[in-house]
Structures are given as C-alpha cells and as structure tokens.
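Number of protein chains: 2
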Amino acid sequence: MKKLSRNQRVIAITKMLTDNPNKIINLNTFTEKFNAAKSSISEDLVIVREILKELNMGNIETISGAAGGVKYICNISDEEKRLFIDELCQLLKDKERVIPGNFIYMTDIMYNPQIVYKAGIILASAFSNMDIDYVVTVETKGIPLAYEVARMLGVQLVIVRHDTKVTEGTTVSINYISGSSRRIQTMSLSKKAMKKGSKCIFIDDFMKAGGTALGIVDLLKEFESELLGIAVLIDNVGTPKKMVNKYLSLIELSGIDENGSVKISPSKFIK
Amino acid sequence: MKKLSRNQRVIAITKMLTDNPNKIINLNTFTEKFNAAKSSISEDLVIVREILKELNMGNIETISGAAGGVKYICNISDEEKRLFIDELCQLLKDKERVIPGNFIYMTDIMYNPQIVYKAGIILASAFSNMDIDYVVTVETKGIPLAYEVARMLGVQLVIVRHDTKVTEGTTVSINYISGSSRRIQTMSLSKKAMKKGSKCIFIDDFMKAGGTALGIVDLLKEFESELLGIAVLIDNVGTPKKMVNKYLSLIELSGIDENGSVKISPSKFIK
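Chains A and B, in that order, are what the protein sequence lines are.
So the first sequence is numbered by this note's numbering: it starts at 54 and just counts up by one.
So the second sequence is numbered by this note's numbering: it starts at 54 and just counts up by one.
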C-alpha cells in the first residue's frame, strides 16, 4: 500500500478505533495497514486522543504489555447529554402518546436507532470503569438499548426470554413476581448463554417496581454470577416503592396529570 | 472555541459523520463547531471522503440544496467481508453447537455486538441504494442485527411481536403458517408503529422455509406498505423449498452430517 499522509492516517485510525469500542488494537495493526513507522503511529494517536478528549467525543486508552495497544472508550459531553435528554422529554410529553390504561406509547423511541445510540453511549460511559462480562436484558423493548450498551462496552449481550425455545438447548427458568401487577412470571436463559462467575449489568427500557430487575438477580445466582449495576431509560417514579435499591435512569416519569399531560423530567443523573 | 488544525478537524468530522450513518449534516454545523471557513471544511471533507473510499471504509455523499450537506454511507471491502464470513463459518462448524433436535445453537453469535456490527454493515450496504422507511424484524433473535442495519441506513426499526401488549395501544394481528412446522402462528404490530404507504426491508437471523417472511408481507399489506427486500444471516438450504423468491443471506447451512459436523459455507452473495 502506498504511504498515507498524517491527515489520512488519523482519519482511518479514528474510524478503526471508534468502530471497535473497548477493544484493544495493537499498534502493529496500524503500522502494517498504513505502512508507517511505529513512531509516526504513536504521534497520530496523540493527535486523535487529544482532540477526541477536548471535544468530549471519547477517550483513547493505552494498554501496555505484550497484548497491549490502544482502545477507544465512548464518551459524551454533559451539555450534549442534557440537550439530548431534554429533547427526549419533549418527545415523551406529547399527549398523543397516552394510550388506554394510562400507558405511554414509547416503542418508537426504544426502536429509534439515533436515540438508542446516544442513550447507549450515556449509559455505557456510566459503567465504563467497571470490568463487566455481560450486558443482560429481558425481551423485548430494551433489546436495542442493551445491545448498544454492550457494543460500547465491548462485551457480549445476553437476552433473557419469557418462554423457552428448542433452539436454546438446556435452559434455566425461574419464577419472579412482577412488582407492579403482583403476577407470577417466568424468565429463562440458555445454560450456554453465560459462563459461571460472571459480572453483569442489567439494562432495560422502563422500571416500575423493579420486580424484573430482582428476578434477574435471582436468575444470575443460578449461573453463580452477580449483578453489578442496573440502568433503565425511564424510571416510573409514580411507583415510589422499588424492589431494588441502586439503579440509574435517564428520565423520570411521575404520571399523567388531570389534563392528560405526561409529567416527565430528566433524572438526577443528568446534570 | 479556539481554532483547530486540519488534523484535528478531519478527526472530529470523521467521528461526527460515522456516528450518524445516512443522516445529512449541514456544512454550517462544522463551520460553527470548529470556527472554520466553509472553504476549509470543504477541503477537509475531500480528504475524509478520499481516504474512507480508498480504504473501503465508507462513502461521504454530498446532498445539494437548502436542506443539503454531507452524509456517511457505510461500506466494507470484499476482502474483509469474505474474511469475516469465513471466520463466522468456522465458529458455526463447532460440533459443540449441535443441540438435541439437530438444532444449531447460534444465540451467542446473534448477540455478539462485534459480529452483529459487521454483519449489519454488510447487509446495510446491500440496501443503501434503496430509499426505505423502515427495517422490520420479528422478535427476538434477529433484533440486534435488524437494529444495526436500521442504524446504518438511518431509519426506524420496527419489531413485530408474537403477542399483544397493553403498552402498544391498538394493534393489528395476522395469522401465518410457519413454513417448516406448518403450525399456525400470530404476529402483531402496533398501529402507531408504521406510517401508511411505507417501504420496508425485513431482516432476520435465520430462514428455514420463509413462512415468517411471507407473514411479514401480509402484515405490511394491512399497513398499506410494501416489502422491498429480505435478508437473513443464515439460510437453511437444507429446506430447499422456500415460500419467498428473492432474498439475501450471508451464510448457507445445509445440515448436519453423519459425524455430527455442521455443514455450513459462505453464501453466493459473498464473493
């Protein structure tokens, strides 16, 4: 391959690093791909690291040792975070979203890739200092968000199902109490889905009483694994008594007022 | 903000464009953010476009007019595509994957963000010249892949469910015949999920006889919408009689031989 200029190299390096969040790329990958000296690549990386950091677009970390290299850790500025959550609250306030039973239709938001991508970066950056093995979710609405968090953290996604499928092999099923409706429900996970002794975080779209999160804690015990964190996009603070103590949310829903308006606001986590 | 150097600008521009696939970014966004003249930004964009194209990392398209600007279209080289699919076939050939009933366990692959991301780019680039409104999938295993394709195409994801949920509002349900088992099944979609007269593609993890894809065609008719394309990660060519004619796949599974080995190979689409 012909020699690339510094301009060209820093573009390609940025693309390769941001395409692979939290994955170590050895410097030799760059020197070989761009036919450049290690010293040039090191200087390129300093430029990429500095400007991404300055613009709050992420961090480039250096890992030393034989298996070392550099890796990209996602980030977002507090200002962009606040703007994004404010916009999301505006979207959710729409009276048209209220559906019979006083539920709020939010499926379009949970399946909007631009929204999920940003929410995923915000949640992933909250857990990026933890050394976790899996991002766990329960089907169906939280799957895109959980996938994006897993991608940003560079770890495997695990989806817990409500039914068992022949294509999953041997499964472990537990019963749990849905906190709000007090109904008994089942969740299942394939024995092949998780190694024993794993560290996990649980990501979901919505928290009411937290019964599902508590069910996940129980299910993970069957895999001798532990839950180190819980995060949801929307916390229904209208159900104040929660079955789990510590969790993160981006938006707080407190109910629907007498005029049919949705009462929603950024959570305390969004400064 | 202080003036940035060209090196710094091209890094930030690359990050902003690749973060928002198929979304038009106005040049003013860059001139304001980087406190730079339009002529400088135009030159930056030429550099970014040329090197991404040369390395098969994607294309930067220019859209003229008042709402114009530039947008990033994902791409991947034929060589990288082939290498990736070869690796995936190796992974899938593992005898350990065969589970009772002669099914192949592939959930870990469908939920591996690094694999899904690359497969998503390959499938999205096959549809990037089509002007589609939605990427449609059926829960559960194909959701991450469908999400990634939707994100790369810059469109909304639609997830069809097997049951109806109170949080979905009014839904449309249809019955369809699962092609392989000949069982009658139900699929449902919220009326709020799709505008009438939309153009869609259907993305799924696996195709056996294609009954699900045919069901999607029927369901979309209820929304006066049409299906312009179908793509799956794995095509079970061991079930040769398909209920749909035209579809794309990345990998072909022809069965399990007498030694318990999985017979799998790249599909014709992968050159």
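Careful: at least some of the hints might be erroneous.
Stated by the list, open to error - To give an idea of the interface, some chain A residues facing chain B are shown, with a C-beta separation under 8 Å as derived from the structure:
#1 T71
#2 K106
#3 T160
#4 A203
#5 V211
#6 V297
#7 L301
#8 E305
#9 I309
Claimed, not checked - Have a look at the derived ranges for each label pair, beta carbon to beta carbon:
#10 E275/B x A179/A: 37 to 47 Å
#11 T82/A x S58/B: 41 to 51 Å
#12 S58/B x G154/A: 52 to 62 Å
#13 T115/B x S95/A: 31 to 41 Å
#14 T115/B x S58/A: 16 to 26 Å
#15 A90/B x K299/A: 44 to 54 Å
#16 N312/A x N182/B: 28 to 38 Å
To be verified - Derived lysine to aspartate or glutamate pairs resembling EDC-like cross-links, with alpha carbons at most 20 Å apart:
#17 K148/B x E221/A
#18 K106/B x D147/B
#19 K261/A x E275/A
#20 K86/A x E221/B
Don't read these hints as lab results, they were simulated from the structure.
C-beta: ideal position from N, C-alpha, C; glycine also.
Right, here's what the structure says about each hint:
For T71/A, the interface hint holds, since its Cβ comes within 8 Å of a Cβ in chain B; the closest pair sits about 6 Å apart. For K106/A, the shortest C-beta to C-beta distance to chain B is roughly 11 Å, which exceeds 8 Å, and the interface hint is violated. For T160/A, the suggested interface contact is upheld, since its CB lies about 6 Å from the closest CB of chain B, less than 8 Å. Interface hint status for A203/A: upheld, as the beta-carbon distance to the closest one in chain B is roughly 5 Å, under 8 Å.
Given the 8 Å rule on beta carbons, the hint for V211/A holds: about 7 Å separates it from the nearest Cβ of chain B. Look at V297/A: its Cβ only gets to about 21 Å from chain B, farther than 8 Å, so that hint breaks. The beta carbon of L301/A comes no nearer than 20 Å to any beta carbon in chain B, farther than 8 Å, and the hint placing it at the interface is violated. With its C-beta approaching chain B no nearer than about 18 Å, E305/A sits outside the 8 Å limit, and its interface hint is violated.
A hinted interface residue such as I309/A counts as satisfied when its beta carbon comes closer than 8 Å to some beta carbon of chain B; here the least separation is about 14 Å, so the hint is violated. Between E275/B and A179/A the CB atoms are about 41 Å apart, so this pair conforms to the stated range of 37 to 47 Å. Judged by the Cβ atoms, the range 41 to 51 Å given for T82/A and S58/B is violated: they are separated by roughly 25 Å. The hinted range of 52 to 62 Å is satisfied by S58/B and G154/A, whose Cβ atoms lie roughly 57 Å apart.
For the pair T115/B and S95/A, the beta carbons lie near 34 Å from each other, so the given range of 31 to 41 Å is met. Between T115/B and S58/A the Cβ separation comes to about 22 Å, which falls inside the hinted range of 16 to 26 Å. Taking 44 to 54 Å as the suggested C-beta distance range, the pair A90/B and K299/A conforms, at roughly 50 Å. Distance hint for N312/A and N182/B: a CB-CB separation of about 47 Å, inconsistent with the stated range 28 to 38 Å.
The suggested pairing of K148/B with E221/A holds, with an alpha-carbon distance near 15 Å, which does not exceed 20 Å. Between K106/B and D147/B the CA atoms are separated by roughly 36 Å; this puts the pair beyond 20 Å, and the hint is violated. Between K261/A and E275/A the alpha-carbon distance is near 24 Å, which puts this suggested pair outside the 20 Å criterion. The straight-line distance between the Cα atoms of K86/A and E221/B is roughly 49 Å, outside the 20 Å bound, and the hint therefore fails.
Going down the numbered hints, you'll see the structure goes against 2, 6, 7, 8, 9, 11, 16, 18, 19, 20, while the others check out.
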